[in-house]
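Dock chain B against chain A, hints included.
This is what each chain is made of:
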Amino acid sequence: MTSTAIVPRRHRNGLARCAWALGVLAVLLTAATLGGAQERQVDPRVGLAAGFRDAGEAAHNMELVVNLPKPDGFFDPEAPAGRPRPPRPPEAETPPEGAETPPEDDAAPAEDAPEAPSAEERRSRISFSNSDLAFGDTHMFVGNYHGFNTYSLEDPRELELLVSVVCPGGQGDVSVHGDLLFMSVQATRGRIDCGTEGVEDPVSNERFRGVRIFDISDIRNPQQIAAVQTCRGSHTHTLVLDPNDPENLYIYGSGTSSVRSGDELAGCVDLEEDQDPNEAPDVALFSIDVIQVPLAAPETARIVNRPRIFADPESGSIAGLWQGGDHGPGTQESRRTTQCHDITVYPEIGLAAGACAGNGILLDISDPVNPERLDEVVDQNFAYWHSATFNNDGTKVVFTDEWGGGGRPRCLATDLPSWGANAIFDIVDRQFVFRSYYKMPAPQTELENCVAHNGSLIPVPGRDIMVQSWYQGGVSVFDFTDSAHPVEIAFFDRGPIDGENMIMGGYWSSYWYNGYIYGAEISRGVDVFALTPSEHLSQNEIDASNSIELSEFNVQQQVRFHWPASAAVARAYVDQLTRSHNIRAAHATAVDDLLDRLDQAEVLDEIDTLAGELESDAAVLPAGATRLRALAQTLTGLTASLR
Amino acid sequence: MQTQIHRIGALALLLTVASCGSAGVAPATPDATPDPAGGPPLVQPGAPGVATRSIGTREATDLSGVRHRAADVQFMQGMIGHHAQALEMTTLLYDRSRWEDIRLLAHRIDVSQADEIRMMQGWLRVRGAEVPRGDEHHTHDGMLMPGMLTPDQMAELAATAGTEFDRLFLEYMIMHHDGAVIMVEALFASPGAGQESVIFGFASDVVADQTMEITRMRRMRGTLEVR
Chain A
3 MTSTAIVPRR HRNGLARCAW ALGVLAVLLT AATLGGAQER QVDPRVGLAA
53 GFRDAGEAAH NMELVVNLPK PDGFFDPEAP AGRPRPPRPP EAETPPEGAE
103 TPPEDDAAPA EDAPEAPSAE ERRSRISFSN SDLAFGDTHM FVGNYHGFNT
153 YSLEDPRELE LLVSVVCPGG QGDVSVHGDL LFMSVQATRG RIDCGTEGVE
203 DPVSNERFRG VRIFDISDIR NPQQIAAVQT CRGSHTHTLV LDPNDPENLY
253 IYGSGTSSVR SGDELAGCVD LEEDQDPNEA PDVALFSIDV IQVPLAAPET
303 ARIVNRPRIF ADPESGSIAG LWQGGDHGPG TQESRRTTQC HDITVYPEIG
353 LAAGACAGNG ILLDISDPVN PERLDEVVDQ NFAYWHSATF NNDGTKVVFT
403 DEWGGGGRPR CLATDLPSWG ANAIFDIVDR QFVFRSYYKM PAPQTELENC
453 VAHNGSLIPV PGRDIMVQSW YQGGVSVFDF TDSAHPVEIA FFDRGPIDGE
503 NMIMGGYWSS YWYNGYIYGA EISRGVDVFA LTPSEHLSQN EIDASNSIEL
553 SEFNVQQQVR FHWPASAAVA RAYVDQLTRS HNIRAAHATA VDDLLDRLDQ
603 AEVLDEIDTL AGELESDAAV LPAGATRLRA LAQTLTGLTA SLR
Chain B
43 MQTQIHRIGA LALLLTVASC GSAGVAPATP DATPDPAGGP PLVQPGAPGV
93 ATRSIGTREA TDLSGVRHRA ADVQFMQGMI GHHAQALEMT TLLYDRSRWE
143 DIRLLAHRID VSQADEIRMM QGWLRVRGAE VPRGDEHHTH DGMLMPGMLT
193 PDQMAELAAT AGTEFDRLFL EYMIMHHDGA VIMVEALFAS PGAGQESVIF
243 GFASDVVADQ TMEITRMRRM RGTLEVR
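Keeping their order, the protein sequence lines are chains A and B.
To convert, note that position 459 of the first sequence is 461 in our numbering; the numbers rise steadily by one, no gaps.
To convert, note that position 191 of the second sequence is 233 in our numbering; the numbers rise steadily by one, no gaps.
Okay, chain B solo, but in the shape it has when bound:
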């Protein structure tokens, strides 16, 4: 037992030494010493095993690589129209359903998505991009955005009432929310997109919120089956 522990210890030591040689602590570099003016150093580490270097202020604050891209702008423009259709759907609801749970859900969707539309419009405005009013349903290449209802489907929804409306509303809103999640996935799959800090946070939040509402709507749909 004792011998074994010693052997393991020796092996660990050997591995430690070996890894220190290859990717261990890098020696201090002259680059990273305080600047001649005597101010504290501004440095940038390297990947593990690569020495830290000094860096100038301008290079340190250069965010050009993580500035928003065309894909980010298109995402925001598209999501405004996408959110706007959700609001059109909830507008239909108040005359057509008396189910308290679904009215409350619709109210939450109203409040949060209207607020998000204003946020997205502001995001686009300060970046000098075209700000959609919110009635566009199609992407730049003319495709209906993921999860969007066709005019026929909207008309179908508007023509129903009561439990039939509730059932259809949930079906379409789940589809609609799933579409928003797909739009985020597509954003993160675009080169360089989704990296600017604001859009990273917003897109992540769309997934978290809408996934939560999808779960909730599925549960509601379940209770509808047994009503």
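With the rest of the complex left out, here is chain A:
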């Protein structure tokens, strides 16, 4: 979500209206063609009943395993959903006899504040929103505007809360490395001491905006050990592990909010009115914060660079990228590139993809302290470049556009499918090449905030598959192996939180971790999903993905999956080759049969022979060549391991 999530804005330009008209025309034509004899296939996500705990649900090729509501301390006890209380009749003000007195509202309000907040006011708050997820070992950390919660994943089907940590400041994005947990704080209410009372003075040494570092070695009793202050706070952050620098961990911090006063934090410079950024060489815009965390002394973490990654190499201007505004009549208005919203690093290939307001950028991070820009793109349909995900080979990037900031319904039937969507690029010679858009295809209502948001890869060998959050548009799993033709293969969705008012909610992040998909729902808590086999994804492919076991996972820090040479992985390749008609039926049967008899020694030689034949076929079946070779290598790897 952006810091600006709550602002209503509607772009109804010519194109959008045109799309709407075309849509109506299409429906009429379809109806006319079918003549009413045949019912039109309606997406089950359309028309789901509203409700906080009892909303209608639609699931396709995935199942909801468990939902765990938010714990005490992380919702308003008077309005758990963030939903309005039913109007209370006057006599109900006195609790019935014997009933427990409900807890008093908040403590005494500040002097000039009105009395207790009304129900509607409570509803409009986002103070307790769940946000991003991180995973370490058997623990899941769920960030929240109010702090974070730690869960045990010992048995993912029996999620267990271990500790709730109150430390407000928004957005509360979390990352984890070993015994260290990192958390982004951006709001001006953030306090160094994790206090809930906010900060009174406009300039104050109690305020905290930046990256907090916690020691979580005692998992139920985390300690704040450092708080690295930054000029714009930290909206998101990314951990960067440099293979050549094991002593240090680096953090790329992205602030998207206002620059604070230099009186509060020395060295913070904002632009004066009408000032050319190049006349303010120290301005805290047009850069990211590179924080160095010495692993032997994390409490000494500090900013070591604020690289000018948007600079124009020719003119030298630090504000060298998109200046803000639209791209011509009927196009989207893109934000000015003064910041990144999120950066995803892939240290193994030395690259990072930055989603930076008005641009998508590609960075060389072989020297993580001094990232260098390799390429940049704009897109006339993108309002706000929000996040990025590489495929496993590092040859593609999925960028998201958070049009409307996350708090607006941007998945209406009348919204363009290329607005508020993903843009998928290939990386060719370290340059982006646009291939397609992908938007969760089921139209949502005016009551559901919806736009592209955070997701992760699902490690199915031989394919590029991603699970992604769409706020109240639910969770969508799509295949982008063919980056020009992404296809949805599974989904889960609930109806709106409320049947009358749009209430901020839905999935912030949904990530795959060791066999399950975990969804952070802004107001409904945490959901755990499992994929179910379908014509789009076989049980063998699901089994193969489950052969990947991670010990740590931060989505903005990509690590290459290496699949074992196992029977499950081989069978997954066979299923894919069969599905695309790129394997001889006899070979497919033979692989299956031989893998069933692995306990017989003579089978190993037969498998090696078969692998050789598959290699030969790769030469004559170009469309299946890559997978045939991968299958052959998996088989020979398997036999080698069994000898």
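Check the hints yourself; a few may be wrong.
According to the in silico footprint, chain B covers these stretches of chain A (three or more CB under 8 Å from chain B) [what the hints assert, rightly or not]:
id, stretch
1, 51–57
2, 178–192
3, 200–208
4, 231–240
Listed below are several chain A residues computed to face chain B (Cβ distance under 8 Å; list not exhaustive) [stated by the list, open to error]:
id, residue
5, Ser166
6, Asp195
7, Pro224
8, Ile227
9, Ala228
10, Phe563
Label pairs and their computed distance ranges (CB to CB) [stated by the list, open to error]:
id, chain 1, residue 1, chain 2, residue 2, range
11, A, Ser438, B, Thr257, 29 to 35 Å
12, B, Glu142, A, Glu448, 27 to 33 Å
13, A, Glu208, B, Met217, 33 to 39 Å
Please keep in mind that the hints were generated in silico from the structure rather than gathered at the bench.
We put the CB at the ideal spot given by N, CA and C, even for glycine.
Frame of chain A, contents of chain B only:
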């Protein structure tokens, strides 16, 4: 070389130990152990170096300190009038300019600011505050709000047409947008203001959007010079 590395290593170790002594990892406190009922602990860390403590639900969910203030209400009330004048200016435009770029800009301002006015009115209504209709141009103390056009300036704008109108419209709208940014700066400079999550997001967005439009209008003004 080798010796030097060792010396640096020893120094680093020394510093690490020293900092652990002063502001390092605090020991676990009995406070933060699970509650007697056996539920998971609810805790609040301290500043770096200060031990984490247990905290009750009521204290944990107490948002009274970050509730909106009088300054927030006045900001929203003022910004409604401020936005409304922008809409008055764009209303003048459609009869007076045929320049496609500026008509498109005006349309965008219409759509976004009208939507924001509804949002601000809703924000005030649910907080039980007075909701301006949108024709107030002055602050509580009778001052014209930053960037607002005087009645004379509005009349001057209404009396022009064509390129002269375009030039004046851009000049006044840039001034008007600059004023909105100044209003946000003033909000954040008021004690305790701008901390409630909704208003923090909205005010931050006003700066981002209007700054972007200012840049765009400056570019348009530049092209006007050479037309």
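Quick rundown of the hints versus the structure:
1. For the stretch 51–57 of chain A, the proposed coverage by chain B is not satisfied: 0 residues have a C-beta within less than 8 Å of a C-beta in that chain, short of the threshold of three.
2. Only residues whose beta carbon comes within less than 8 Å of a beta carbon in chain B count, and the stretch 178–192 of chain A has 3; three or more means the coverage holds.
3. Proximity of the stretch 200–208 of chain A to chain B, defined as three or more residues with a beta carbon under 8 Å from a beta carbon of that chain, is established by the 5 residues found.
4. Counting residues of the stretch 231–240 of chain A whose CB lies closer than 8 Å to any CB of chain B gives 0, which falls below the minimum of 3, so the coverage claim is violated.
5. Interface restraint check for A/Ser166: the shortest CB-CB distance to chain B comes to about 5 Å, inside 8 Å, so the restraint holds.
6. Annotation: A/Asp195 was flagged as interfacial toward chain B, and the flag holds, the nearest CB pair being 4 Å apart, inside 8 Å.
7. Look at A/Pro224: its Cβ gets to within about 6 Å of chain B, closer than 8 Å, so that hint holds up.
8. Taking 8 Å as the C-beta contact cut-off toward chain B, the hint placing A/Ile227 at the interface holds, the least distance being around 5 Å.
9. Annotation: A/Ala228 was flagged as interfacial toward chain B, and the flag holds, the nearest CB pair being 5 Å apart, inside 8 Å.
10. Using the Cβ-Cβ criterion of 8 Å, the hint placing A/Phe563 at the interface with chain B is not satisfied: the shortest such distance is roughly 33 Å.
11. Judged by the Cβ atoms, the range 29 to 35 Å given for A/Ser438 and B/Thr257 holds: they are separated by roughly 31 Å.
12. A hinted range of 27 to 33 Å holds for the C-beta pair B/Glu142 and A/Glu448, which are about 31 Å apart.
13. Our hint of 33 to 39 Å for A/Glu208 and B/Met217 holds, since their Cβ atoms are close to 36 Å apart.
In terms of the numbered hints stated before, the structure departs from hints 1, 4 and 10, listed from lowest to highest.
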